[in-house]
Every structure is written in structure tokens, then in C-alpha cells.
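Novice: Go by the hints and put chain B with the ligands onto chain A.
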Amino acid sequence: MDQGLLIETAEELYESAPCGYLSTLPDGTIIRANQTFLTWIGMDRKELVGNKCFQDLLSVGARIFYDTHLAPLLRMQGFVNEIAFDLTCADGRVLPVLANTVQKRDANGRPMVHRITLFNATDRRQYERELLLARQKAEQATQALQRLNETLEERVAQEVAERMKAEEALRQAQKMEAIGQLTGGIAHDFNNLLTIIVGNIELLQRRLPEGSDRLQRAATHAMEATRRAATLTQRLLAFSRRQPLDPKPIDVNKLVAGMSDLLRRTLGEVVVLETVLAGGLWRSQADPNQLENAILNLAVNARDAMPDGGKLTIETANARLDEAYVEALAEPVPPGQYVLVAVSDTGTGMDKATMERVFEPFFTTKEAGKGTGLGLSQVYGFVRQSNGHVRIYSELGEGTTIKIYLPRLIGSDEEPAEIPSQAPAMVKGSGETILVVEDEPDLRTYTTEALRDLGYRVLEAGDGRGALEIVERHPEIQLLFTDVVLAGGMNGRALSDEVSRRRPGLPVLFTTGYTSNAIVHHGRLDPGMHLIGKPFTYAELAAKVRRMIDRG
Amino acid sequence: MTTVLTRHNVRVFGHGEQPMLFAHGYGCDQNMWRLVAPAFEDRYKIVLFDHVGHGQSGAVAFDWARYGSLDGYAEDVLAICHELDLKDVVFVGHSVSAMIGVLAAIREPERFDRLVLIGPSPRYIDDGDYVGGFKQEDIEGLLDFLDSNHLGWSSTMAPMIMGNPDRPELGEELTNSFCRTDPEIAKHFARVTFLSDNRADLPNVKTKSLILQCSQDAIAPESVGRYMHQNLSGSEFVLMRATGHCPNLSAPEETIAAMEAFLSDPAPAKAVA
Ligand SMILES: Nc1ncnc2c1ncn2[C@@H]1O[C@H](COP(=O)(O)OP(=O)(O)OP(=O)(O)O)[C@@H](O)[C@H]1O
Ligand SMILES: [Mg+2]
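As you go down the protein sequences, you meet chains A and B in turn.
According to this note's numbering, the residues represented by the first sequence are 822 to 1373, in order.
According to this note's numbering, the residues represented by the second sequence are 295 to 567, in order.
Mixed in with the good hints there might be a few duds.
Here are the simulated lysine to aspartate or glutamate pairs, DMTMM-like style, with alpha carbons at most 20 Å apart [said to hold, decoys possible]:
#1 A:1187 x A:1125
#2 B:429 x B:491
#3 B:481 x A:903
#4 A:873 x A:912
#5 B:381 x B:335
#6 A:1224 x A:1177
#7 B:381 x B:402
#8 A:958 x B:438
#9 A:867 x A:832
#10 B:481 x B:441
#11 A:1187 x A:1177
#12 B:481 x A:960
#13 A:1249 x A:1297
#14 B:339 x B:382
#15 B:481 x A:949
#16 A:1224 x A:1143
#17 A:1224 x A:1144
#18 A:958 x B:478
#19 B:481 x A:907
#20 A:1069 x A:1113
#21 B:429 x A:877
#22 B:339 x B:407
#23 A:1187 x A:1172
#24 A:958 x B:441
The set of hints was computed from the structure by calculation and includes no laboratory data.
In isolation and in its complexed conformation, chain A is listed as follows:
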């Protein structure tokens, strides 16, 4: 068979091409159509050719477009590309097509025939519709977002205001923390210095010749001033939550009752004292000395706020701090049961600005010499260190209530501590050997001299390593007296552990300006550890050392 017969003719290609072909007169009358188009549209050739215009297959809207856009464009540029039309088929179906049209002209440029090529655009139109829909949706979403944004602004403003309040509280807490670290550091250094000063004044007092009364008086004044300075550094340490606390189970009612004489003397005659002590009050756990200090500080403040007299009320109660309450606090306070001590006055009260700053050390509104601004700092530091919570309520012209919440003590049979008694009388040594480890030379000199004065034999070391060597060579040592913080890599706690390994049962007395985790967990002494806080006096040192050697 001749191969040529198998190759498609141009006619076949025209009729069965994958696109529709139409030829029309310039006015749109269809004069030729291919089979593909006839199949698409569902009409036979006779129906279409010579009887219909291309425009007749269009909707009215599309016809307007044909007349206003397509026809003029064809005249002007000779072709039109990719116009999207919906053709109406014989059975009423709609066929989306893309139309390319070329205008064929005679030699004079007169339009003769339009050749229209049509692509079935069903899929593409679907795709375009989806795109349009997606765009519409995106626009709607944008608008919705915009509307949301508008109302959001308000809500954000509100939220921001709240957040700012919380942040302000946090900033305040952080400030207190920072000040605490600073004051703690300074107080620590001061304590070392004060210890040396106290020791040397005591030395002077003991060595001054009989009859030098004026010098003795001067030394006494110096000593008094030094003690005041020591009290100040103590309060600074309290604020910085680094004072060594000695928490004990306490009955707050008993403690308050025990203070009534002291309070009455402090308050003077124009202020009436009332105590309202709750029955069935839970026991608490805190350092009783420091709690007394705190209550005294509050009472003094109340007195100062009532120069013309008034009433001071001290109340105790069982209290619960619930989740909601503690959540609103800037500082972490666990919810639960607390013992409340509230100190109220009928004094001047405070404005908001004052109230925000009262816990800061050295914040005072009192004239120079009247207040140091450390009273409430001590209260705050002590309570926080005891895992409690302080709250101030104050109304200008009405008065102030300060509430101290101390954690309830649960499940301990230990008897509440007795209110501390006065320091014991001076007790001397009788040649027992004590090893003093202290990295601060002046302080070491003071301590060793004081102990020798008291009648002890003293060996000394500047760091842990030196101390261990001495321990090895001197089995007669009966007490290790060491600073908690030592230079040279080994701190007092590590030294003590090592010494206990080599000399089990050897008593160890620690001294420190402030507590460190090596010896004090969360400000509490480890059970069985003994500590003498700086600055210590000659008498305190004598009593403590004596007791330790006697026990050991």
C-alpha cells in the first residue's frame, strides 16, 4: 500500500484538530466550522454554517463585550488573543472557551474573513475560578483581620496596661533583689571591719591603765557607736536575706505577749496598745529574734506615724493564701496556710508613691538622723527569707496596716522556743588548743589574740590547705574555728568535711558575715552546725567557744 495514503491530509488535520476552527464574515456570520467545534457545540454543519453569527452563541453580556471591545480591536490590530467566552451549546450546556481571532484582509486592506481558533477552557476556567475565589477569600480574610486588628488595638491596649502593671511589679521586685545583693556585699565587708574595730576597742578597754577615766569613756563611746553600726549592717543583711537565721517552731501569740512590756515602753504614753490574739493559732516556723525585731520595727514606724497619739493594734490569725492571691504577686509565694501577724495604726498613712518604695533600704521620709530607712527592709528581708509574705494597706489620713504571713508549721512536736535570754557571763579557757582558719589577716589577728587572751592555745592558718597540714601534725586540737568563705579554692564547709573525715567528732565552729549555701541552706543552719555571726564580740566568742569545747 502507498504510504502517502496513510498520512493525514490537511483536511483531516483541520477537521480533527484538538481545537475548534471557525471562519466568519466580518459581521460574524459563520461560513466554515471544523468537526471538533461541531462536536463540542452539538450542532450539525447545516444548522450552523450560513445560518448563525458567532455572536449568536454568546450570552448578552458577552455580546456587548464582542461589540464594544473585540470588534474594534480586530479592526485596529488585526487580531485578538485569548478572550474568554462561554458558548451556549445546542442542549443549553455552557462551554468555556478561549478565542483567538485573526482578521484576514484583501489587497486593499478591506476585512474579508475572521479566522477564529477556540480552545476548550473548561479545566482552565475552573482553575481560574478557584484562583479568583482564593483571592477573594484572601481579601476577605485580610479585611476580617483588619477588623480584628481594629478591635484588637483596644484589647491590646488593655492587655498592655495590665502587662505593664505586672512588669512594673516585677521590676520593683528585681530592683529589691539587686539592692539586696549590693547591700549584702557591703554589709559583709563592713562586718569584717567592725569585727576588727570591736576587737581592738575591747583590747584597748582591757589594757587601759587604771584611773584613765576619760580614755575609758572614749572607748565606751566608740564601742557604743560600733554596736549601732553593727545593728545597721545586721538590718542590711536582713534585707538582703543573707542573715543567718535560726528558725524554730514558734507560737506567735506567746511571742507577741512576751513583747508587750518592750512595746509599751517604745510606744510611749500617747499611743494605746491593743493586742488581739486569735485562739487556736497555728504554730509557725521562723527565727524568733528576727520576728521580734520585725514587730518592733513596725511598732516604731506606727509610733512615728502618730505623733499626736493614736492606737496601735497587733492581731494574730490563721490565714489562707489562695492560688488567685499568690498568682497576682510579683514574688513567688506558695499558696497555702499561714500565720498572720497584722500591725495597724491610726496614723498619717502613706500615699501610693511612698507605699511602692518603703521596702527599699534607705528609703525614708523622716528627717536626717530620725530614720535610716532600714526598718521595713528588715521586715521584708526577714519575712521573705522565712518563706513568708508581707502586705501593706494604707490610706492617707486614716492609717496603715502591715500584714506579715509566716508559713504554718505542720507536723513537728518540738516545743516552741523560749524567748532568747541574755548572753551568758564571760567564760575562760584553760590551755585547750584551737585552730583558727581565716583568710583576712587583720581579722585572724583579732580572733587569735582574743582567744589567747581568754586562755586558749591558738594555731592559725590562712587557707584550707594550710589548715589540713596543721591538723595532721597537731592531734591535740580540740576545736576548729573557721570562716565560711576562704580564699584558695577550699571553703570552710569543704575544710570542715575533710577535717571530720580525719578527726571524726572534732567540733567545728563557723563564722561568717553572711550566709552562703555551703553552710546555710536557704538561710538556715544545717542541723549540727554551729555558727557565730560577724561581727562577734569578745563575750559572745568566749561563751560560744567554751560551750563547743565542753560539748565536744
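Specialist: Chain B with the ligands only, in chain A's frame:
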């Protein structure tokens, strides 16, 4: 700063004194006068322009309110007249611009010598006895069509479909080079045009006018042309052999001849009662 002249891509040429101002209709630009205007350049000063959003009109923030009726477009025509200080104007308006010219001539009759109205319609939608040729739905159909139509579609969507918005020329290749329109403005213009009703304005026209009516014009059927003729005092009516809506393109010779005949008629225009 865009002036009236740049904003409307105004082109002036010709050797005559009397201005002949051509206004294109909906869907096109001044290119559609290319076969007619040159015939008059010997005797007239030819002025061509593009409506806002059409052809090469300058990009300006489109004032939706101003162009909310055909009056805004008529003001543009007057603005061009003021700018060029045109007097005794022969206004040639196609399609909707025929009505735009009518509105301009009512506002400032002294500026206009004659109006040539090609395929005019004072209202496209049927109303009682009045047959405009369209129903409200048809116009909605046109707007829908424009939405999915390539001209508007490709210029905004084609670059997106091709995933290459940085190269809009890829999209442009598909579009048609004449009669480019801003799709949103064109749609707005379509709505304003096909929903307009200026029948009540017709009696206020004092300018002599020619109505050129095509045979088988689907946009402005013969009945509408005759309605115009009845309601425009002093108008002439010519029913052309040309079919379709754009005789200025499909039958320029016939259009020119009809215009020549009308313009050479010395009858005083403004005296007709
Ligand atoms: N009960 C109170 N009523 C009114 N204001 C008070 C009261 N308690 C404290 N304040 C205010 O808080 C400030 C700080 O008190 P804080 O006890 O810390 O320091 P101080 O009393 O000024 O000095 P210090 O207690 O160290 O002698 C006071 O100066 C005072 O302005
Ligand atoms: Mg105070």
C-alpha cells in the same frame, strides 16, 4: 503634576481653525478614530483624548464619586476644552461618549457648534414602553463576563498564574495592545454607562446634532436612535448601511461622508425651536 492634557493623553493636530473633538466610547481608546480623524485634519484642528482608566491616560487616583455618573466624564471633556481654549467645537462622540458630549453641550452650549453622535443611547435598559435593548440582568452578565474575561483577567492575574509577578511583561504578551483599560475602572465605567438614564436631559440640548445610526447595532438599536432624534430638537438622523456598533472602524468612508454632509449644511444650529 499631571495636567488635564497629560491626564487624558490629549493629542492635537491638523491645519484648521475650528476644533473637532473626538471622544471614544466604552471599551476602547482614541485609536478608534484612526480611520476617521485624518479625513478632517486639513480643515479642522483635531483633538483626540482618552477617558480616565483607558488607553494611555495618566495614572491618577481614580475618584469613584466623581465618575459615579456620566457628568464626571462630561466635566473632563469641558476641562479639555478650557485647557485648550476651544470654541465653536465640533464634538464627535461614539457610543456612551455621544451622551457625554450631550451633557457637556448642555452645560456650556456656547462652546459647541455641532454634535456628531455615533451610536448614541440615552438609556440602555428597557423601561416600560421605552426599548433600550437590554435588561438589568444582561448588564450584570456583562459585569460577570468582565470579571472572568481575559482583558481584565490577564493583566491582573496572568502574572500571578505564571508565578512571576516580577515580570508583568509575561502577562502583557497575552493581552491586546490597543484599548488597554484599567480593569476596575473599566468595570465601573461599564456599570455607569449601562445603568445611565439621560433621557430627561435630551430636551435641554440647544446644539445642532447628527445621529449616526448603524443597521443591526445590538448596543444601540435603531429604535433608540429614533428616540434620540425625536427628543433632540434640531437633530438630523442618518441610518447607515454599516452594521454593528463601530461604523467609524467598520465603515469609515460612510461615516466620513455622513459627517461631511452634516457639517457643510449651513442651517443655523442654535435657532431651531
Ligand atoms: N506605719 C506607717 N505609717 C506611715 N508611714 C510609714 C509607716 N511605716 C513606714 N512608713 C513610711 O515608710 C518609710 C520607711 O520605713 P522604714 O521603717 O523602712 O524606715 P524609717 O522608719 O524611715 O527608718 P528606720 O526604721 O530605719 O528608723 C518611713 O520613712 C515612712 O515614710
Ligand atoms: Mg522604721
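Novice: Let me make sure I understand: some of the numbered hints might not hold for this structure. Which ones are they, in numerical order?
Specialist: none
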